[in-house]
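Sequence lines, in order, name chains A and B.
Here my numbering is used: the first residue of the first sequence is 1, the next is one more, and so on.
Here my numbering is used: the first residue of the second sequence is 215, the next is one more, and so on.
A few of these clues could be false.
Partner residues aside, some chain B positions facing chain A, computed with beta carbon under 8 angstroms [unchecked claim]:
{"hint": "1", "residue": "Pro-259"}
{"hint": "2", "residue": "Arg-294"}
{"hint": "3", "residue": "Arg-348"}
Taking CB as the label site, the calculated pair distances span [what the hints assert, rightly or not]:
{"hint": "4", "chain 1": "A", "residue 1": "Pro-137", "chain 2": "B", "residue 2": "Pro-324", "range": "33 to 41 angstroms"}
{"hint": "5", "chain 1": "B", "residue 1": "Glu-298", "chain 2": "A", "residue 2": "Pro-137", "range": "20 to 28 angstroms"}
{"hint": "6", "chain 1": "B", "residue 1": "Ala-336", "chain 2": "A", "residue 2": "Asp-109", "range": "53 to 61 angstroms"}
{"hint": "7", "chain 1": "A", "residue 1": "Gln-183", "chain 2": "B", "residue 2": "Arg-294", "range": "28 to 36 angstroms"}
{"hint": "8", "chain 1": "A", "residue 1": "Glu-71", "chain 2": "B", "residue 2": "Ala-301", "range": "28 to 36 angstroms"}
{"hint": "9", "chain 1": "B", "residue 1": "Asp-262", "chain 2": "A", "residue 2": "Ala-129", "range": "32 to 40 angstroms"}
{"hint": "10", "chain 1": "B", "residue 1": "Thr-327", "chain 2": "A", "residue 2": "Glu-126", "range": "41 to 49 angstroms"}
{"hint": "11", "chain 1": "A", "residue 1": "Arg-162", "chain 2": "B", "residue 2": "Glu-321", "range": "45 to 53 angstroms"}
Here are some chain B residues the structure puts well away from chain A; computed CB gaps all over 10 angstroms [as the list claims (entries may be wrong)]:
{"hint": "12", "residue": "Pro-244"}
{"hint": "13", "residue": "Gly-246"}
{"hint": "14", "residue": "Val-249"}
{"hint": "15", "residue": "Asp-255"}
{"hint": "16", "residue": "Pro-261"}
{"hint": "17", "residue": "Pro-272"}
{"hint": "18", "residue": "Glu-298"}
{"hint": "19", "residue": "Gly-310"}
{"hint": "20", "residue": "His-313"}
{"hint": "21", "residue": "Gln-328"}
The hints are simulated quantities; they were obtained by calculation from the structure and are not laboratory data.
Don't be surprised by glycine CBs; every beta carbon is placed ideally from N, CA and C.
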Amino acid sequence: MPLPSHAITRIAGVALAVLGLVAGVVLQRHQAQSTPAAAAAVGALWPAPDPLAPFELTDQAGARFGRDRLEGRWSLVFFGFTHCPDVCPTTLAALGSAVDKLRPAAGGDAYQVVFVSVDPGRDTPETIAQYLSHFGPGVVGITGSDEALNGLTRQLGVVHMRVGEGEDYQVDHSAQVLLLDPQARLVGVLSPPHAAAAIAERARAIREFIEDRS
Amino acid sequence: MLGACLSGLLAIGGASAEIVASGAWIPLPPPGAQVLAGFMDLANPGPDAARLTGVTSPIARKVELHAMEMADGVARMRRREVLEIPAGTRVPLAPGGLHLMIYLAAEAPPAGTQVPVELSFADGTRLTVDAVVRARDEAPAADDPHSRH
């Protein structure tokens, strides 16, 4: 091997942080074989990128939602919009259920689900509040102006673009679930399709993997 | 569940296209949703290909056929003008793939509602299907499509 494997891991991690999200981040084999946690930590980003830079969005209650709201707990973050009849409600239901599975072992406030609407033209905080009431407590819904949204999405490598004319436009959006640690660092990328059991299992495995190395 | 499945087996077809629609359902949407998805299986046991060209429903200001495409982790919904159902095949409209995009004319119908959906085919055949509104969790494969249990 021309480079030591830890260097390859580091280069891979930095490239991801710079280039944005790439599904299926590969763990180095020697790490994957070293512990059971690592073997299951598919999608883990290691070494973790720096904490997110500050951003400012608004939650469904109209309160400011910045980086501090990601600190001190683990966050499962998903980007979507309410005029999305299939992928978004399916994913939100799976995330709510995944967090239910994770909470008993981790404690009530250890995880939050964050739904980021990338359709501020139609999704107001009120719309989002009504929509999210379907998915149980503990799901935070946030949005903001295009510029404010870009303040978060660009540093996470998340893509969103409006497609089509008139009132019935679509919004193409990254469909990964992002796992952020309590320091607001992006530590995991979970690829679709999303199912509750798999999300919970992978989030738990990535968390063990990260905590083992912190 | 059984009743819901059987209720989708209403084939009021003409003599030409022999499409059988089954298992039609609409996921109960979150409150305030203005669009619904619609799912069903379309089987064509006949000798000729069928072309689905239009869909209407009394609850909708319009219904389109959309394909969800996942490219490099980006979800994209695109309208399909025509859906071809080749002879002897079955085309599923299912979560994560093809679906009816139902633009609601008014409030979403509650769980348990049988929503009439009329399918129009290129040869003039029409088929009315009752799609039942039910919670997503009850849908097979909606929660865990890759279940190994």
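Verification of the supplied hints:
1. Interface hint at Pro-259 of chain B: violated, since its Cβ lies 27 angstroms from the closest Cβ of chain A, which is beyond the 8 angstroms cut-off.
2. Below 8 angstroms, beta-carbon pairs count as interface contacts, and Arg-294 of chain B has none with chain A, the closest being about 13 angstroms; its hint is therefore violated.
3. Taking 8 angstroms as the C-beta cut-off, the interface hint given for Arg-348 of chain B is violated, the closest approach to chain A being about 13 angstroms.
4. Checked against the hint of 33 to 41 angstroms, the pair Pro-137 of chain A and Pro-324 of chain B fails, with Cβ atoms roughly 23 angstroms apart.
5. Here the CB-CB span from Glu-298 of chain B to Pro-137 of chain A is close to 45 angstroms, at odds with the stated 20 to 28 angstroms.
6. Checked against the hint of 53 to 61 angstroms, the C-beta distance between Ala-336 of chain B and Asp-109 of chain A comes to roughly 56 angstroms, which is consistent with it.
7. Hint check: Gln-183 of chain A to Arg-294 of chain B, Cβ distance near 45 angstroms, so the stated range 28 to 36 angstroms is violated.
8. The given range of 28 to 36 angstroms is broken by Glu-71 of chain A and Ala-301 of chain B, whose C-beta atoms sit roughly 59 angstroms from each other.
9. In this structure, Asp-262 of chain B and Ala-129 of chain A break the distance hint of 32 to 40 angstroms, their C-beta atoms being roughly 50 angstroms apart.
10. For the hinted restraint 41 to 49 angstroms between Thr-327 of chain B and Glu-126 of chain A, the CB-CB distance of approximately 26 angstroms leaves it violated.
11. In this structure the supplied range 45 to 53 angstroms is violated for Arg-162 of chain A paired with Glu-321 of chain B, their Cβ-Cβ distance being about 26 angstroms.
12. Its beta-carbon lying about 4 angstroms from the closest one in chain A, Pro-244 of chain B breaks the requirement of being farther than 10 angstroms from that chain.
13. The claim that Gly-246 of chain B is not at the interface with chain A is violated, since a C-beta of that chain comes within 10 angstroms of its own (minimum 4 angstroms).
14. In this structure Val-249 of chain B is not separated from chain A by more than 10 angstroms, as the shortest Cβ-Cβ distance comes to only about 5 angstroms.
15. For Asp-255 of chain B, the non-interface assignment is confirmed: its Cβ lies about 16 angstroms from the closest Cβ of chain A, beyond the 10 angstroms cut-off.
16. For Pro-261 of chain B, the non-interface assignment is confirmed: its Cβ lies about 33 angstroms from the closest Cβ of chain A, beyond the 10 angstroms cut-off.
17. Against the 10 angstroms criterion, Pro-272 of chain B stays outside the reach of chain A, whose nearest CB is about 18 angstroms from its own CB.
18. Glu-298 of chain B, annotated as away from the interface, keeps every beta carbon of chain A farther than 10 angstroms; the closest lies near 21 angstroms.
19. With 10 angstroms as the threshold on Cβ separation, the claim that Gly-310 of chain B sits away from chain A is violated: the shortest Cβ distance comes to roughly 5 angstroms.
20. With a cut of 10 angstroms on Cβ distances, His-313 of chain B falls inside the contact zone with chain A, its closest approach being about 5 angstroms.
21. The claim that Gln-328 of chain B lies off the interface holds: its Cβ sits roughly 19 angstroms from the closest Cβ of chain A, which is beyond the 10 angstroms cut-off.
Of the hints listed earlier, those the structure fails to meet are numbers 1, 2, 3, 4, 5, 7, 8, 9, 10, 11, 12, 13, 14, 19, 20, in rising order.
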